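Here are the chains, one letter per residue:
Number of protein chains: 2
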Amino acid sequence: MKRRILAIMLGACVTVFVRPVRAEEPIQPIAPAKVTNPALVELGKKLYFDPRLSKSGAISCNSCHNLSLAGTDNLKMSIGDHWQPDPINTPTVLNSRLNLAQFWDGRAKDLKAQAGGPMVNPVEMASTHELVVNVVQSIPAYATEFKGAFGSDGVDIDRVTAAIAAFEETLVTPNSRFDKWLEGDKSALTKTELEGYALFKDSGCVACHNGPGVGGNSFQKMGVVEPYKTSNPAQGRVAVTGDDADRFNFKVPMLRNVELTYPYFHDGEAATLEQAVETMGKLQLGRTFTEEENAKIVAFLKTLTGDQPQIVLPHLPPSTKKTPQPQPFG
Amino acid sequence: MKRRILAIMLGACVTVFVRPVRAEEPIQPIAPAKVTNPALVELGKKLYFDPRLSKSGAISCNSCHNLSLAGTDNLKMSIGDHWQPDPINTPTVLNSRLNLAQFWDGRAKDLKAQAGGPMVNPVEMASTHELVVNVVQSIPAYATEFKGAFGSDGVDIDRVTAAIAAFEETLVTPNSRFDKWLEGDKSALTKTELEGYALFKDSGCVACHNGPGVGGNSFQKMGVVEPYKTSNPAQGRVAVTGDDADRFNFKVPMLRNVELTYPYFHDGEAATLEQAVETMGKLQLGRTFTEEENAKIVAFLKTLTGDQPQIVLPHLPPSTKKTPQPQPFG
Ligand code: HEC
Ligand code: HEC
Ligand code: HEC
Ligand code: HEC
Ligand SMILES: [Ca+2]
Ligand SMILES: [Ca+2]
Ligand SMILES: [Ca+2]
Ligand SMILES: [Mg+2]
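In the order they appear, the protein sequences are chains A and B. Okay, so the first sequence: first residue is 1 according to this note's numbering, each after it adds one. Okay, so the second sequence: first residue is 1001 according to this note's numbering, each after it adds one.
Because the hints were derived from the structure by calculation, they are not lab data. Note that this is a predicted model, so its numbers are computed, not measured. Idealized CB from N, CA, C, for every residue including glycine. Warning: the hint list may mix true and false statements.
Stated by the list, open to error - Among chain B residues calculated to face chain A with C-beta under 10 Å, some are: (1) Gly1057; (2) Ala1058; (3) Asn1062; (4) Leu1067; (5) Leu1316.
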């Protein structure tokens, strides 16, 4: 009897966990989030939504990486402190854990290293790490949560960024129709979408856009066959390595949820997926797609939209008399 | 048998619904939200969170009435389009359904009439009703939701504002400790808090702050005994009635969740509850509270914090090629 139950349980496990993934494909499914420290994730979520991490008291991570808008803001250039335009298009935070490094030029090695940047960027949140820590530790409910999440008292910038990164680790989008197809559900994609996928593989897009993120795992030149024309001053990876060969190399963006993360490219100049696909074909592969081919690739790309994270809006603990005042108009 | 079940059921109903409310008190408990058209509320929630209702594509109702911050932004003056300061402190949307009219001067008769205002206010969302409608109806998923919510095709400003108002109707905060005490739970308040409540009644605060909202149901002069000194140009109710007797009359703010809606007064000049209570005592009642009395009143006011609405962040449907582009820097 016991054995039979065990057998049934194992059977169930096999059905759930060992799905027939198409191992030969250059794209792999997105794994769901594993939460090991829920208190840390919950704290990170609060900090992610807290505008008091900015000098003005009005800009949070969620202002530019809006989780109602697939982790971005759908603007060509984001709006930072005092309405300054951010100089480069804002990538999504969804699945950003899969990136080989963070930022278009990869200058931050991981999410924790990245999270300290925007707070002190004068065109973004315009604060200082000292001010961020002073704000957070002036709020007793935060201090208590830090203790619960880290096991000891103390608020510092290391812990603030670790908590935010832990939250971002959970922002994954599994169960796209494409992933269902990868996992063996033949009815998940239409004929057109499959033809688009075949074109995506056969014409060479997968050389750069592959892996679970469909990108995010290498730096590549923007404009391989033909140069990319833009007035945006960003020079890409060379800013990090100093190596002239890296000039105009950018981290290949992941194409997960790309239907939702318009406009496209580091300068945000491509308003539609059709335009982005056309440009990629010409500049990266020297190939001009017919309208029909372009439409098929776009149809395929739209199958990469996964389940968006379900976020219950956090209730932020109130400031106290010790909390430094926001300076929106200072 | 059937009768007995009925009796038990009735018994249960009585326990749940007919609670021993202290009828003689000048403050009544907040009733939980009743949702009659969930599709309309869900649509309204999306619109409330949608920054595309602004010209810039970056400002939503939630930017200033942040539901992570008790429906306000905790700034003296909010930040509107192009970082313009809003000229008057932003009230919370929580329980705003209980207001006799909306805005500090009551110029909108209800939530629906109010909701059309900020979209077209040049220092707030800086859009036009035409543009808002064009944006919304260019998005097929919205069009479908409008049909589901209203029973027929069509997007117009009347429906947009009706949906937002329906969502706002659900933003109530029942179950504060004070309400539990009103409903008969004697252990819900401490001795200090009860003494604060006694002072609040005996010294005359309840003359203006009463009813379920603890305010929100009349316009009163700011500075009854002594004039209020401020550099803020707002003149209050006179702007609506043209009657000089209404000069410097403001809608009495509700004190529900007042612990969370700092800073205080129409000019946002009182940073703490202690300051606001002190000013009210002197200017409205000609009374100077001792430090201890002030602390007791503040302790009472903090018992008015209720359950904050649990909001699952909506996922907004993507724009299309027909959607007018946001103009953040135009
Ligand atoms: C004012 C807009 C703005 C704010 C606020 C902002 N970001 Fe960003 N974020 C950007 C832009 C722009 C980039 C790209 C910058 C670059 O690559 O040089 C970026 C990049 C990132 C990346 C890298 C993604 C990738 O694919 O490389 C992550 C992760 C991220 N931000 C998280 C955050 C967090 C966490 C916060 C809050 C602490 C935050 N951002 C606040 C605009 C913003
Ligand atoms: C040689 C490498 C390479 C190849 C091949 C390539 N891409 Fe890209 N792709 C990139 C890089 C690098 C970027 C970022 C360019 C930038 O923003 O300046 C990019 C950006 C994109 C974007 C915009 C993503 C965003 O969020 O901004 C799309 C869509 C895209 N590629 C699709 C394709 C398709 C479809 C193909 C095949 C037709 C393709 N790519 C081929 C490297 C490549
Ligand atoms: C840029 C800031 C800003 C934005 C955006 C904004 N509001 Fe407001 N809201 C205010 C301010 C300031 C007031 C008070 C104005 C007055 O009384 O003259 C106010 C008043 C209100 C009130 C009246 C509350 C009361 O107690 O009288 C409601 C309800 C409200 N807003 C809802 C909304 C909705 C719905 C939206 C989006 C469609 C919105 N607001 C967008 C700043 C903003
Ligand atoms: C004569 C009417 C009146 C009396 C009496 C009165 N208030 Fe007020 N109260 C108001 C008005 C009107 C305002 C708004 C004033 C403004 O913003 O300019 C207000 C504002 C407040 C605020 C700030 C709320 C906010 O969100 O900005 C608090 C707190 C407050 N009152 C508490 C009290 C207390 C405590 C007492 C008794 C000591 C009291 N009030 C007596 C009319 C009154
Ligand atoms: Ca983009
Ligand atoms: Ca009314
Ligand atoms: Ca206030
Ligand atoms: Mg307004």
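Hints, verified against the model:
{"no.": "1", "hint": "Gly1057", "result": "holds, 6 Å"}
{"no.": "2", "hint": "Ala1058", "result": "holds, 5 Å"}
{"no.": "3", "hint": "Asn1062", "result": "holds, 9 Å"}
{"no.": "4", "hint": "Leu1067", "result": "holds, 6 Å"}
{"no.": "5", "hint": "Leu1316", "result": "holds, 5 Å"}
In terms of the numbered hints stated before, the structure departs from none.
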